[in-house]
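Peer 1: The residues making up each chain are set out below.
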Amino acid sequence: MSNLIQALNSARVRGWLYQGLFLAGALAVAGYLVSNTLTNLANRGVATGFGFLEREAGFEIGESLMSYAASDTYLRALVVGLLNTLSVSAAAVVLATVLGVAIGVARLSSNWMVGRFAAVFVETVRNVPLLLQLVVWYTIMNRLPSPREALEVVPHVFLSNRGMKFPVLADHPGHGWAFLALLAGIAAAIAIVRYGRRRREATGKPFPTLPAAIAAVVLPPVAVFVATGAPLALDVPALAGFNFEGGGSVTPEFTALLIGLSVYTAGFIAEIVRSGILAVPHGQTEAGLALGLSPVQILRLVILPQALRVIVPPLTSQYLNLTKNSSLAVAIGYPDLVSVTNTSANQTGQVVEAVAMMMAVYLVISLCIAGFMNWYNRRVALVTR
Amino acid sequence: MSKEVPTNTTTAWAASYEEEPSQASVPPQANGVTALKPLGWAPVNWAKANLFNTPLNTALTVLCLAILWFTVPPMVNWLLLNAVWSGSSEACREAAGACWSIIAVKHRLIFFGTYPYEEQWRPFLACGLFVAMLGISGVRAFWRPALSVAWALVLIAMGVLMWGGILGLTYVANDRWGGLPITLMLSVFAIALAFPLSILLALGRQSSLPAIRTFCIGFIELMRGVPLVSVLFMASVMFPLFLPEGVTVDKLLRALAGLTLFTAAYLAEAVRGGLQAIPKGQYEAADALGLSYWQKTRLIVLPQALRIVIPPIVNQFISCFKDTSLVTIVGLYDLLTAATVATTDPEWRPYFAEVYVFAGMIFWLFCFSMSRYSQWLERLANRYTRR
Numbered sequence: 003m004s005n006l007i008q009a010l011n012s013a014r015v016r017g018w019l020y021q022g023l024f025l026a027g028a029l030a031v032a033g034y035l036v037s038n039t040l041t042n043l044a045n046r047g048v049a050t051g052f053g054f055l056e057r058e059a060g061f062e063i064g065e066s067l068m069s070y071a072a073s074d075t076y077l078r079a080l081v082v083g084l085l086n087t088l089s090v091s092a093a094a095v096v097l098a099t100v101l102g103v104a105i106g107v108a109r110l111s112s113n114w115m116v117g118r119f120a121a122v123f124v125e126t127v128r129n130v131p132l133l134l135q136l137v138v139w140y141t142i143m144n145r146l147p148s149p150r151e152a153l154e155v156v157p158h159v160f161l162s163n164r165g166m167k168f169p170v171l172a173d174h175p176g177h178g179w180a181f182l183a184l185l186a187g188i189a190a191a192i193a194i195v196r197y198g199r200r201r202r203e204a205t206g207k208p209f210p211t212l213p214a215a216i217a218a219v220v221l222p223p224v225a226v227f228v229a230t231g232a233p234l235a236l237d238v239p240a241l242a243g244f245n246f247e248g249g250g251s252v253t254p255e256f257t258a259l260l261i262g263l264s265v266y267t268a269g270f271i272a273e274i275v276r277s278g279i280l281a282v283p284h285g286q287t288e289a290g291l292a293l294g295l296s297p298v299q300i301l302r303l304v305i306l307p308q309a310l311r312v313i314v315p316p317l318t319s320q321y322l323n324l325t326k327n328s329s330l331a332v333a334i335g336y337p338d339l340v341s342v343t344n345t346s347a348n349q350t351g352q353v354v355e356a357v358a359m360m361m362a363v364y365l366v367i368s369l370c371i372a373g374f375m376n377w378y379n380r381r382v383a384l385v386t387r
Numbered sequence: 148m149s150k151e152v153p154t155n156t157t158t159a160w161a162a163s164y165e166e167e168p169s170q171a172s173v174p175p176q177a178n179g180v181t182a183l184k185p186l187g188w189a190p191v192n193w194a195k196a197n198l199f200n201t202p203l204n205t206a207l208t209v210l211c212l213a214i215l216w217f218t219v220p221p222m223v224n225w226l227l228l229n230a231v232w233s234g235s236s237e238a239c240r241e242a243a244g245a246c247w248s249i250i251a252v253k254h255r256l257i258f259f260g261t262y263p264y265e266e267q268w269r270p271f272l273a274c275g276l277f278v279a280m281l282g283i284s285g286v287r288a289f290w291r292p293a294l295s296v297a298w299a300l301v302l303i304a305m306g307v308l309m310w311g312g313i314l315g316l317t318y319v320a321n322d323r324w325g326g327l328p329i330t331l332m333l334s335v336f337a338i339a340l341a342f343p344l345s346i347l348l349a350l351g352r353q354s355s356l357p358a359i360r361t362f363c364i365g366f367i368e369l370m371r372g373v374p375l376v377s378v379l380f381m382a383s384v385m386f387p388l389f390l391p392e393g394v395t396v397d398k399l400l401r402a403l404a405g406l407t408l409f410t411a412a413y414l415a416e417a418v419r420g421g422l423q424a425i426p427k428g429q430y431e432a433a434d435a436l437g438l439s440y441w442q443k444t445r446l447i448v449l450p451q452a453l454r455i456v457i458p459p460i461v462n463q464f465i466s467c468f469k470d471t472s473l474v475t476i477v478g479l480y481d482l483l484t485a486a487t488v489a490t491t492d493p494e495w496r497p498y499f500a501e502v503y504v505f506a507g508m509i510f511w512l513f514c515f516s517m518s519r520y521s522q523w524l525e526r527l528a529n530r531y532t533r534r
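Chains as they are written, first to last, in our numbering: chain A, 3 to 387; chain B, 148 to 534.
One chain only, chain B, in its complex shape (with noise of 0.2 Å):
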């Protein structure tokens, strides 16, 4: 409750202006009354302030309790009370709940696509070192240079696994691949590979030199005008007909080429306003000591600006992994392809709430968690300049 107090003051002048006029005139005395800490019971004296203290926040209340009482109960029944957890199709046809059996029978499919049954240990082993080697990319006692040491090392042990080939693992070549090593893969890949060039491009855009200036702005401008889907069809058909005669380039590698360059000219405007937020002084303060252009750049205007553009990174890889589903366009298996076939099989064709809300609940899980980290990063940032 005590956590609720802080909210509630900073929301309650925003409020103030839907009020009637007579109570939005005499705010020191509402202010007064909850400075004062009233009498009663404190849970009560909550529900008052912040739930019954007009006639319209009372009318509100009512109206989404009412919500509540009509949408709570169905969802909790068909979600989890008359739900089937296991068995077959037939038994859902019967209940009048989700049929969790759909997710029993085909998380595998879901998880792994394609990728051979008894083989899914592979993927699964990947998924979890990739995983856990975010969490560690998380924690401030871990960033130091060794931690893009040991991403180097478990990236190839993530390929050992997924291809295989060596120590006694069977190859799986990688348009088998699919579901969630495939999502993860790639929007770790393509924002991994943009950052570098996201810098180049930032730089290039400040730069006084007109040619590489306006080659900069006239790339981040064309990507950022033009869709993700056409990029990826850009990267799927036109890259084939760039390269010389009986040159491929695997699907795969396509799609995460077109991903990389988008998301290089949106990560390039969030580096480019880092480098904007470093005072003129320090540029001049470099320039007086002497330093070159990339003696400066490498010393002095990155360690700052890059220092200010983590959290954009992380929100930029929340968007980044939500659009790797926009590769099912160009026919890779990604997590959203695989769970759209498991709903085509005519068996389990009635439930595709079920997969969805599955599916749906695995991206909001990765996407919510970093989101609430940036959000943390981004107070960390703020610590020290925030008066």
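Looking at chain A on its own, in the form it has when it is part of the complex (with noise of 0.2 Å):
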């Protein structure tokens, strides 16, 4: 008795007491809701387990990446949807940034005006919900008018309320040849890059590492291209017809959620920048005057590796929200992971395999992008010694 009172005064004792009562209850309320569920599955008759992936979906997709027909499987249906919540966020990722940086920027230059206009943008889009925002994007890309009377924005570029039709490159063997140079070009970009830290690190040496960069990404696919008789061919959109013929398109669903996601996480990635900024002292552009840099080597050299530093943790959790955030294209009819997981799981009625399945791929999603933004975070980071 003695011994027991003794072992239950020991924290580590008691620490572990604490922790299976903790677990045996969790257990236990898991236990009783899967015991709730299966009986509530097998009263409703509704089968459990995957298998529904191998079945014919039934169902169509309004736009899909890979070829995909309503007498495809579940499994090919909802890649489909992976695939376009992927490259709508991917898309609204690159628009975020570039527009977010701008209005950030904008909004502490020591213009008064443009600094309000920033201003103004920002507090507009933060503080109205991003489903309103869809909606009105939705609703407008609705609203235009048809085909016929299509407006005409930039010459070849019409809006109608079947989506956007632009020019694009006739197919061309030579494309992909430039592409490749292109990669290739990327890839000896990187090894300059490293080069030139190298030599500049051992002796001292400045190395004319972003002209020699940039030329390395620009000349190559150029050559190709023009090797290969520059084939600037457009592929044209042309009224045939109720619809356009030729070109590439967007439906106007994608094109709202692109709108709608870009201008509202630029709004929060501009006071990102901004608060990044302002938080380089300026005893830092003093002490880079002094030294006699030039004002872009300041900006390149001072303040943007500092800045980096407090602005990419934040853009980090804002690059995961847009990702998230374009789950909401379920709402605008835009068939991404939700919205056909949805439909998949209306159909079958397996809702926990589909449910546990969507958030499964979110979670990889997000893991992936903080990892990657962590190693980032890692090369950009101040080293303590």
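No lab work stands behind these hints: they were computed from the structure. A portion of the hints provided could be inaccurate.
[To be verified] Reference excerpt, derived from the structure (chain A facing chain B, CB under 10 Å, subset only):
id	residue
1	L35
2	T126
3	T141
4	A333
5	V353
6	A362
7	I367
[What the hints assert, rightly or not] Below, a sample of chain B positions facing chain A; criterion: calculated Cβ distance under 8 Å:
id	residue
8	L198
9	N200
10	L356
11	G372
12	M381
For each residue, glycine too, the CB sits at the ideal point set by N, CA and C.
Starting from the two chains in their separate frames, assemble the complex, guided by the hints.
Peer 2: Below is the structure:
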């Protein structure tokens, strides 16, 4: 008895006891919920397991990056949804970053009026729910005139209620080669940057890294492009009957989602960029001037490296938010992962499996983005000695 | 004008790298000129210093003025001068401006959804009480224990008003509730219920007991890794499966549960920030005094940590308020759903912009005032710590 009391006085023993109780309680609750779920599913005559993935989906999907028909399997339908989610998120991340950085810098402009413009933009988009903004963009897209009266915003770019039509380069084998040359150029640029840094650290001599890297990226594809006969023929959209033929196109749903996500996230990114730049003390700029650096050098070598340290972590969570927010697509009918999963769950009744898969996929996407940005953040982080 | 000077001086350096090298390299001269209070009419000097100080800025100012010239007059015409303020949809079809009569006709639907028409004074009163309580809670003089009693009373009063069934009020089932009351109640209840949960989660995440720590980390990271839409789907379709046969939970409560769990995970990270901001010496001093874990947490840690996390909590409340609009996806009748329904009436179909501008303004007013409030709180919190 006294041994027991003695044991209970030990924090470690009590710790194990609490954890044992906690685990037992958690398992009991989980078991209760699972048994309820199984009973309910059995009563409703719903099958369990992932067998449904092999069955025929039987519904059409409005847009898809890979070939898909209603006779394909649920698995293929879900992959189509995932690709749609990824494509709209990737495009929106790029657009939101460009827009956000521009507005963040504009908000710091010494020009009072430019600063006010940026502030009004930020305060408007950040304080109205994204869903409302998406619905507005989508309604605008839907109430655009029909293809016959399409708006020609820029020559050969048409906006109508069928989406946006734009010219694309006509297919030519030279494009593939130019693309390969671009990839090779990027690899060469990375090598040049590494070599330049090593040489600078070893000898102290500056190396024209930036011009060399830009040349390595730009020159090879241009050379290949010219060598293959500069195939610049455009595939221009033209009105044929009730709709356009030729050219590239994006659907109204995609356009609305892309604009909505980019504009909303840009408001948040602008604030992150602004606070990041403000976080670099003015003394750093003055020290750069005292060393005789040019304003561009100060920006590139003194301010940006320090500002990025502040900017990158919150920027990561904005990218994650954007990807997760792309799930609002379900409200405007863009066939993203959530929307396809929802349809599949409604048809098969296998809600638990469908929702679990959807959550798992988003979790994996989040972990990938977070992992990549953490790796990048470690690279720009302050090395303390 | 005097307010603009500090903004200008803090931002002037930020733009200096964009300027011509010759100007960036002689800042002392520029500073000297502004410090000496130049002669002349103040607004002109201000415009010279802030709008036309470099060729680039002059160009940008001209560009901005051009944009204003081409956007503001048409917008004012549409919003106000040519707008139709009341009357039928025929009057709107002839007018060139906004058709605010759709708001005049549909505002009851937008604000209160499908709540019985003659009884709509009840949600109106409930919302009024609610907004008044929010306002009172923002004033520091009222930050005392009695405030939570007042909140409890107001929430009970709101429940009585919304549901009815007693005091001679007719009963209104909550599937007929809609509009602004749903948005307000979901966001406030979600944050109020999420707050204690988030403290437990944040403490659990810092715990030295591996099983509890793992569980809390897992829950927080799971909720933060998935979109709210999927949590709401889970709440609306999976919760009924979890419950024993014959037990059903109302749609509104299920959405509230999903929203609460989701908010709790984000709030837990804010609270963790507060916990980590407390110096280790405080924990050690509490241990040295022989306080137990819960005494230490209740008397030493939380009073300091929660003070730090008040601004992030307000920010979380703003995003929770905006996120409530997502419940429309699981079929609840919130402000945004009501607005969308108002635009689908065939008679008023062309005037969707007016309805969305109106709904957007309601959301904007709430969110903007709360975000200003949170900035004020942050300044208040930093008042004694900033040197």
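Peer 1: Answer holds if the nearest beta-carbon of chain B is closer than 10 Å to that of A/I367; otherwise answer violated.
Peer 2: Result: holds, 8 Å to nearest chain B Cβ.
Peer 1: Tell me if B/G372 is really an interface residue toward chain A, meaning its C-beta lies closer than 8 Å to one of theirs.
Peer 2: holds, 4 Å
Peer 1: Hint validation: B/M381 versus chain A, beta carbon distance must be below 8 Å. Holds or violated?
Peer 2: At about 5 Å, which falls below the 8 Å cut-off, the nearest Cβ of chain A leaves the hint on B/M381 intact, so it holds.
Peer 1: Taking the least C-beta to C-beta distance, is A/A333 closer than 10 Å to chain B?
Peer 2: Because about 6 Å separates A/A333 from the closest Cβ in chain B, which is inside the 10 Å limit, the hint holds.
Peer 1: A/A362 was flagged as interface toward chain B. Is the shortest Cβ-Cβ separation under 10 Å?
Peer 2: Holds: closest Cβ of chain B sits about 9 Å from A/A362, inside 10 Å.
Peer 1: So, as I understand it, the hint says B/L356 touches chain A; can you test that by seeing if any CB pair is closer than 8 Å?
Peer 2: For B/L356, the interface hint holds, since the closest Cβ of chain A sits about 5 Å away, which is under 8 Å.
Peer 1: When the nearest CB of chain B is found for A/V353, is that gap smaller than 10 Å?
Peer 2: holds, 5 Å
Peer 1: Holds or violated: is there a CB of chain B closer than 10 Å to the CB of A/T126?
Peer 2: holds, 7 Å
Peer 1: Can you verify the interface hint for B/N200: is its Cβ closer than 8 Å to any Cβ in chain A?
Peer 2: Since chain A brings a Cβ to about 7 Å from B/N200, closer than 8 Å, the hint holds.
Peer 1: Go through the hint on B/L198 and say holds or violated, using the shortest Cβ distance to chain A against 8 Å.
Peer 2: It holds, given that the least Cβ distance between B/L198 and chain A is near 6 Å, below 8 Å.
Peer 1: Could you check if A/T141 really has its C-beta closer than 10 Å to a C-beta on chain B?
Peer 2: Status holds, d = 5 Å.
Peer 1: For the hint on A/L35, does the least C-beta distance to chain B fall short of 10 Å?
Peer 2: holds, 4 Å
Hint violations for this structure: none, all hints satisfied.
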